[in-house]
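Peer 1: Below are the chains, spelled out letter by letter.
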Amino acid sequence: MAKYILKRVLMAVITLFIVICLTFFLMNAVPGSPWLSEKTPTQATIDALNEKYGLDQPVIVQLGKYLGNMLQGDFGDSIKMQKDRPVLDIITTMFPISAKIGIIAIVWAILVGVPLGCLAAYKRGTWVDSLLRVICTLGISMPGFVVATILLYLLAGGIEGFKIFPTIFDGTWQSYVLPCAALGFYPMCYLSRQTRTAMLDSINQEYIKTARAKGLRNRKIIFKHALRNALIPVITYLGPQIAFTLCGGFVVETVFSIPGLGRYFVSSIQNRDYPIIMGTTIFLAAFIIVMNLVVDLLYKLVDPRINLSKGGN
Amino acid sequence: MEEKQKTGKLLEVKDLHVSFFTPAGEVKAVGGISYDLDYDEVMGIVGESGSGKSVEAYSIIGLLQSPGKVIGGSITLEGEDVLAKSKEEMIDLRGNKVAMIFQNPMTCLNPVYTIGNQLIEALKAHDKKVSKEEAAKRAMEMLELVGINNVEKRMKQYPHELSGGMRQRVMIAMGLICHPQLLIADEPTTALDVTIQAQILELMKDLQKKTHMGIIFITHNLGVVAEICDKVSVMYAGKMVEQGPVDDIFYKPGHPYTMGLLRSMPRVDAESYERLIPIEGTPVDMLNPPEGCPFAPRCEYAMKICLQKMPPYVELGEGHRAACWLRVQEQLEKEKAGQADGKPAAETENKEAGDHE
Ligand SMILES: Nc1ncnc2c1ncn2[C@@H]1O[C@H](COP(=O)(O)OP(=O)(O)OP(=O)(O)O)[C@@H](O)[C@H]1O
Ligand code: SF4
Ligand SMILES: [Mg+2]
Chain Z
1 MAKYILKRVL
11 MAVITLFIVI
21 CLTFFLMNAV
31 PGSPWLSEKT
41 PTQATIDALN
51 EKYGLDQPVI
61 VQLGKYLGNM
71 LQGDFGDSIK
81 MQKDRPVLDI
91 ITTMFPISAK
101 IGIIAIVWAI
111 LVGVPLGCLA
121 AYKRGTWVDS
131 LLRVICTLGI
141 SMPGFVVATI
151 LLYLLAGGIE
161 GFKIFPTIFD
171 GTWQSYVLPC
181 AALGFYPMCY
191 LSRQTRTAML
201 DSINQEYIKT
211 ARAKGLRNRK
221 IIFKHALRNA
231 LIPVITYLGP
241 QIAFTLCGGF
251 VVETVFSIPG
261 LGRYFVSSIQ
271 NRDYPIIMGT
281 TIFLAAFIIV
291 MNLVVDLLYK
301 LVDPRINLSK
311 GGN
Chain B
1 MEEKQKTGKL
11 LEVKDLHVSF
21 FTPAGEVKAV
31 GGISYDLDYD
41 EVMGIVGESG
51 SGKSVEAYSI
61 IGLLQSPGKV
71 IGGSITLEGE
81 DVLAKSKEEM
91 IDLRGNKVAM
101 IFQNPMTCLN
111 PVYTIGNQLI
121 EALKAHDKKV
131 SKEEAAKRAM
141 EMLELVGINN
151 VEKRMKQYPH
161 ELSGGMRQRV
171 MIAMGLICHP
181 QLLIADEPTT
191 ALDVTIQAQI
201 LELMKDLQKK
211 THMGIIFITH
221 NLGVVAEICD
231 KVSVMYAGKM
241 VEQGPVDDIF
251 YKPGHPYTMG
261 LLRSMPRVDA
271 ESYERLIPIE
281 GTPVDMLNPP
291 EGCPFAPRCE
301 YAMKICLQKM
311 PPYVELGEGH
321 RAACWLRVQE
331 QLEKEKAGQA
341 DGKPAAETEN
351 KEAGDHE
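Protein sequences appear in the order of chains Z and B. Heads up: the first sequence begins at 1 in the numbering used here, then just goes up one per residue. Heads up: the second sequence begins at 1 in the numbering used here, then just goes up one per residue.
Treat the hints with care, since some could be wrong.
What the hints assert, rightly or not - Calculated lysine to any residue pairs in the SDA-like style (CA-CA distance at most 25 Å, straight line): (1) K65(Z) - K209(Z); (2) K300(Z) - V107(Z); (3) K220(Z) - K128(B); (4) K132(B) - L301(Z); (5) K156(B) - E206(Z); (6) K209(Z) - Q208(B); (7) K209(Z) - Q308(B); (8) K300(Z) - P111(B).
To be verified - Label-pair distances were calculated between CB atoms; the ranges are: (9) E161(B) - V290(Z): 22 to 32 Å; (10) V290(Z) - D92(B): 34 to 44 Å; (11) D201(Z) - E300(B): 43 to 53 Å; (12) I71(B) - G158(Z): 30 to 40 Å; (13) I71(B) - I135(Z): 50 to 60 Å; (14) V130(B) - T137(Z): 46 to 56 Å; (15) T93(Z) - V130(B): 54 to 64 Å; (16) E134(B) - I135(Z): 19 to 29 Å; (17) K69(B) - P96(Z): 30 to 40 Å.
Derived by calculation from the structure, the hints in this document are not laboratory data. Backbone N, C-alpha and C define an ideal beta-carbon position, used for all residues, glycine too.
Work out the full structure: start from the sequences and follow the hints.
Peer 2: Written out as structure tokens, the structure reads:
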């Protein structure tokens with residue numbers, strides 16, 4: 001077990017290194033510069049700025065320097081969006097907002113999606129199943145901003161005299177409701193479909209026949225014997241999805257004006273704020289890697305056949 | 001183990017009909033079979049794949065999956081009408097009075113729960129008051145009874161940590177934990193290799209002697225039947241074509257299909273160069289069964305009448321009957337000869353097998 005985790009950590013470090021290098025080169029290969037805005041500064045000013053931030057040196061040298069600083073815990077300062085504020089500081093204030101909304105979203109998605117999936121499987125072929133299929137297919141195929149806009153329209157003033165929730169995020173609990181609902185809708189629908197498929201698969205397994213032959217009641221057969229097995233494929237999907245949702249849906253954060261990391265990340269790319277791009281990328285990559293590791297460990301908890309120490313995935 | 005010796009019939013199945021109502025039409029998986037089983041008796045059901053052995057067994061325990069339905073006949077267990085029972089009553093019956101074990105021990109245990117968990121659960125399903133410790137103790141006793149050692153460790157293990165033979169032993173322990181009167185074993189040894197097969201058979205024989213339960217042993221291996229059964233029912237295309245004590249079936253088979261089965265059976269004492277003779281032809285299309293004797297298309301003795309009418313059962317000896325026109329003919333000839341000799345005619349029970357016109 002310890003050996004397995006060590007191996008995974010080593011792999012993670014290598015992955016991170018590759019991500020860093022790739023991002024660094026790609027970021028520099030994209031045309032444009034941090035200093036270009038409505039009033040283009042003079043060439044002399046640009047040169048001076050480039051020199052100040054070390055952007056005049058060859059990319060490989062810059063990368064070396066960046067890696068060196070990073071190992072000492074220094075992710076640099078913002079060069080444009082919040083000039084000279086440490087990147088680490090920016091991430092640690094912005095991520096919690098995204099994460100909070102993300103956690104609420106993913107939790108409700110799981111709590112609703114999995115039982116709905118069970119229900120659909122149990123009632124397969126009935127109108128309940130069909131209704132759920134329609135809802136979930138819609139939820140999976142609708143882009144995030146459509147869901148967010150519909151919610152805004154229905155519950156935040158689109159209908160005359162009917163405004164329960166604020167349109168703009170202000171930190172109150174009411175302002176959490178719509179973003180969380182919008183962000184969790186897609187994973188909820190997806191989970192529900194996945195659970196349904198997995199449940200139908202496990203209901204047809206022979207051990208279910210054994211459970212019935214033992215004289216167990218339906219509830220026990222479904223929730224004890226079928227669900228636990230059905231969760232195995234569902235968990236696979238959950239890992240990346242949790243990371244993705246927690247790091248903030250860019251769309252949802254934009255629609256509701258949430259000062260979260262997702263939105264900030266995208267505007268840092270637009271602004272070519274190189275240190276912020278780098279810092280955020282590393283953070284997100286590390287986060288996704290950690291989530292995947294957590295999921296693999298969770299796997300082991302649900303499925304005793306998985307033997308981590310033998311290097312199986 | 002408590003002794004249960006009761007008199008009277010344990011199970012009586014009369015003219016059972018089971019059909020699957022599929023989009024393509026009605027599949028008459030079981031078309032009128034009858035038999036009875038005493039306590040302490042082991043009956044084998046043999047027949048090739050698709051002949052309706054499992055379907056017939058599932059009907060007894062109420063495990064028929066839709067679109068399967070019992071559409072006629074009766075099943076009486078210890079004097080109670082099984083088909084009239086409610087869903088709740090069937091749940092109480094399953095695993096309690098009647099237990100079932102299946103073919104593939106690899107897939108029949110839930111991979112994510114320990115052996116102990118699954119055994120205790122089987123007991124608790126029917127004995128709500130039993131304490132955790134008591135249940136665990138009973139489970140371990142059962143494991144010991146089926147010849148598993150190191151039971152404390154086994155209780156905590158998962159199915160994938162046990163061998164196939166061991167898992168089948170666990171399945172048997174699970175089946176017997178509530179002391180059922182009737183055990184239905186659906187090809188319990190088919191998926192195991194030969195030496196393990198022999199061990200499991202030995203175990204089942206042993207347990208049967210200890211518990212006096214009745215066993216229905218489904219298999220398509222006549223060798224297994226010879227090993228463990230008192231009597232045999234031979235099924236073909238949903239019909240029971242021959243039925244009788246093991247010795248009669250082996251030494252005086254009355255139905256050409258049974259004879260074919262015997263010829264196609266590998267024998268331990270046979271010379272290695274002796275050829276096994278497979279039964280020619282393909283199994284019956286159950287959606288459109290032929291009229292008359294279902295075996296006719298493959299039968300080397302088929303006569304005109306075979307294609308037109310289902311043969312009636314002919315009594316061939318004590319508890320031995322077969323549904324074949326050849327035997328009817330013989331009977332008639334014997335009767336004629338008997339009358340000429342002035343002896344009373346042989347008793348004939350001309351019951352229709354299968355579909356009643
Ligand atoms: N779910 C189902 N839907 C439709 N027909 C079915 C279904 N289950 C069984 N049948 C029909 O019932 C017939 C008997 O099946 P059964 O499983 O009893 O055969 P079996 O004798 O147990 O064969 P095997 O030796 O392969 O286990 C089959 O020919 C099949 O056509
Ligand atoms: S009834 Fe006719 S076809 Fe059927 S088994 Fe007997 S001889 Fe063969
Ligand atoms: Mg079968």
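Peer 1: For each hint, tell me whether it holds in the structure or not.
Peer 2: Each hint tested on the structure:
no., hint, result
1, K65(Z) - K209(Z), "violated, 63 Å"
2, K300(Z) - V107(Z), "holds, 21 Å"
3, K220(Z) - K128(B), "holds, 14 Å"
4, K132(B) - L301(Z), "holds, 23 Å"
5, K156(B) - E206(Z), "holds, 22 Å"
6, K209(Z) - Q208(B), "holds, 24 Å"
7, K209(Z) - Q308(B), "violated, 40 Å"
8, K300(Z) - P111(B), "holds, 12 Å"
9, E161(B) - V290(Z): 22 to 32 Å, "holds, 31 Å"
10, V290(Z) - D92(B): 34 to 44 Å, "violated, 50 Å"
11, D201(Z) - E300(B): 43 to 53 Å, "holds, 45 Å"
12, I71(B) - G158(Z): 30 to 40 Å, "violated, 58 Å"
13, I71(B) - I135(Z): 50 to 60 Å, "violated, 39 Å"
14, V130(B) - T137(Z): 46 to 56 Å, "holds, 47 Å"
15, T93(Z) - V130(B): 54 to 64 Å, "holds, 58 Å"
16, E134(B) - I135(Z): 19 to 29 Å, "violated, 48 Å"
17, K69(B) - P96(Z): 30 to 40 Å, "violated, 60 Å"
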